[in-house]
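Numbering (my numbering), first residue to last: 244 to 540.
Don't read these hints as lab results, they were simulated from the structure.
Be a bit skeptical, because a hint or two may be false.
Restraint ranges, calculated between C-beta atoms of paired labels, are given here [to be verified]:
# : residue 1 : residue 2 : range
1 : D395      : V463      : 40 to 46 Å
2 : S377      : D493      : 55 to 61 Å
3 : S377      : I492      : 52 to 58 Å
4 : K411      : S498      : 51 to 57 Å
5 : K475      : Y446      : 32 to 38 Å
6 : S377      : A453      : 29 to 35 Å
7 : E280      : Y446      : 43 to 49 Å
Quick caveat: nothing in here was measured; it's all calculated off a predicted structure.
No residue lacks a Cβ here, since even glycine has one placed at the ideal position from N, Cα and C.
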Amino acid sequence: MRKKKILYSIYCVSILVALSLFLVFHNNTSTNSQQSEIYAAGLTLNCSRSINIPVGTSFEFENGFINVSPVEAKSSMSCEIVAKTGSASDGLILNDNVFYANEIGIYNLKYSVASSETKSLSETIVVNVVEESSPILNIDTLKVEEEFAIQDVFNLNTNADVDISVDKEMINLTNDTLTPISNGETEIEISFTENFVKLNKVYLINILPADFYNIRIDSVVVKDMICTIQYKVLNNDETVVNQNLKVVIDNPNVSVINNCSPILEITSTIKEKVNITLYLEEQKNVKVNLTIDFNNE
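Starting from the given sequences, assemble the full structure and let the hints guide the process.
Given below as C-alpha cells:
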C-alpha cells in the first residue's frame, strides 16, 4: 500500500510540473509574438502622387520614396495595383520591386502598412501609362569603328539623372561616346531618375559592319599617247561613292591631265611601260597598282 501511495504522489507531481512548463512556455511564446509585431505610427509619401510613365517601359522607386515610422514597421508594407475603369488588369505588373507598363491606362498603387491589429495606414500613387510624348532614339543604326556622340543617338534633353548601359562586347562607352566594336543587334538601356522614380527603357540598335572600300577598274584604253582609265570606288562592294584618286607615277615623262571621278587620264611623252599607283585620299590603304604600256602607240 505504501508503494502505491508513493507512485501516486510521483504521478501527481509530474502532471503539475508538465502543466507549469506548458503555461510558462505558452506565456513566453505569446509575449515574444506580441513583442515581434511592430505597428506603424506614420506613413509619408515623398515622391509625386501622380506620375506619367511611357508604355513599354519599366520603372522602380528609389530608396526613400516613402517613409514608415518606426522604420522597423516597413517590413510589413504591401503594395496593391488597382486598374481604374478602362485600364487592363495586367497592364501594369510588379515583379521583384520593378513595375512593367504594358498597356496604356490609369492605375493606382496603394501602399499599406498595419497600424494596429485591425487598422492600417495607406498612401496611393496614381500611375498614368501613356504614349511616349517625344522619341528618345534619334539613330537606330550604327557602324563598327565609328564614334557616335550620345547626344546624337539619343534625345536626352531632360533634368533627370541619366544612366546608360550597353553590352560591352558590342559597344564601348567612354566620355559620352558610343563606339561599336562588333556588328549585329544589341540593346542599349537608358535610365532616368527624377523625384525618387527610376524609369528604364530598352532600345534595339542595329550595328552594321565597318565600311571598307575598293577601287574597281572598269577599263583602260591607250590612244594617241593618252591613257584613259575608267573606274569606280565602291563601299562594301555595293555602293558607288564619289572619291577622287591620288595618283603616284614612277616616270617623269608621264603626267596626269584629267582626274575627275570616274575618269582618270594620263599622258606620256615617250613610248614605254609605266607603273602607276592609284589610292583613295581618305583611305590611303586602299590602292591599285597598274602598268600602262604606251609602246603600242
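Comparing the hints with the structure gives:
1. Distance hint check: the CB atoms of D395 and V463 are about 43 Å apart, consistent with the given range 40 to 46 Å.
2. A beta carbon spacing of about 59 Å between S377 and D493 agrees with the range 55 to 61 Å that was offered as a hint.
3. Restraint check, S377 to I492: a C-beta distance of roughly 56 Å satisfies the suggested window 52 to 58 Å.
4. Distance hint for K411 and S498: a CB-CB separation of about 53 Å, consistent with the stated range 51 to 57 Å.
5. For K475 paired with Y446, a C-beta distance near 36 Å keeps the hint of 32 to 38 Å intact.
6. Taken as a hint, the range 29 to 35 Å holds for the pair S377 and A453, whose Cβ atoms sit roughly 32 Å apart.
7. Hint check: E280 to Y446, Cβ distance near 47 Å, so the stated range 43 to 49 Å holds.
When held up to the earlier numbered hints, the structure conflicts with none and fits them all.
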